[in-house]
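Trainee: As a plain string of letters, each chain reads:
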Amino acid sequence: MDENTRTQIGGPQDPREGLEAVMALRRMLEALEAAQVENAFVAGWSWAQIAEVLGVSKQAVHKKHAKRIRDKYPGEPPRRKGA
Amino acid sequence: MFNRFTDKSRRSVQAAFEEARMLGHDSVGDEDLLLGILRADEGAAAEALSSLGVTLEGAREESEEMLSDALSSIGISLEEIRREAGDAFEMRIPPGRRLPLSPRAKKVLVGARKEMRRLGDNYLGTEHVLLGILGNEDGTAVRILAGMGVSPETLEDRLYQLRGRAAG
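So the protein sequences, as listed, match chains A and H. In terms of my numbering, the first sequence opens at residue 1 and continues consecutively. In terms of my numbering, the second sequence opens at residue 1 and continues consecutively.
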């Protein structure tokens, strides 16, 4: 790739760099979602509460995260938020 | 797809899946095939890489830096996100999710088979996989190697030197 085509601040982005940023962001987003859902679970939030803030169904959150988090925190039932 | 693979090259591909999962790659890329060779650490390819100072840790760091740079280019700091999310933040992909081979990684494996035929070999060893990786000039693996100061030509030369004695 030609060095001259690289991004300048505020300028148009080299397509390859732009696409790579999207891929990096997607990977990071997955990790961030997993971490924040876990944080909420540990803080005592229910799956329904987590799902509501994420704007998705409870089933979707449960399917994506429950097994991983339950495996990580065995025998630790979720406390009610504010309990 | 893994017909004629040796035990060593098979294990390096297996290790590539483990590396990809650990690093949060949602598909196994050409860079993961390189990391897999380093992780399995056996065969002519691993020997060539290690003789040029390419280590698993170094290559992982380079890969992570590319991710971090890509995010910086759109004004996002991976470090800050890590700090904000706390200990729960990890890139690792959970065991339940299956990872596919990326189109580039498939291209590498097709290239490896071509290298095997070109060299008149009847087995597909780690050296063929590495040659396949190097043949993908636009690939991430080649850029990781360049970041570590190793050119495809240097690495190819070293592989051919080693081929005579350490096949597989």
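Worth double-checking, as some hints may not be accurate.
What the hints assert, rightly or not - Here are the simulated lysine to aspartate or glutamate pairs, DMTMM-like style, with alpha carbons at most 25 Å apart:
(1) A/58 to H/26
(2) A/63 to H/18
(3) A/63 to H/64
(4) H/106 to H/64
(5) A/67 to H/87
(6) H/106 to H/79
(7) A/72 to H/90
(8) A/72 to H/84
(9) A/67 to H/90
(10) A/72 to H/47
(11) A/72 to H/62
(12) H/114 to H/62
(13) A/64 to H/47
Since the hints were derived computationally from the structure, they do not count as laboratory data.
Trainee: Are the hints correct? Go through all of them and say.
Mentor: Outcome of the hint check:
no., hint, result
1, A/58 to H/26, "holds, 24 Å"
2, A/63 to H/18, "holds, 23 Å"
3, A/63 to H/64, "violated, 29 Å"
4, H/106 to H/64, "holds, 22 Å"
5, A/67 to H/87, "holds, 19 Å"
6, H/106 to H/79, "violated, 32 Å"
7, A/72 to H/90, "holds, 13 Å"
8, A/72 to H/84, "holds, 21 Å"
9, A/67 to H/90, "holds, 16 Å"
10, A/72 to H/47, "violated, 38 Å"
11, A/72 to H/62, "violated, 29 Å"
12, H/114 to H/62, "violated, 28 Å"
13, A/64 to H/47, "violated, 40 Å"
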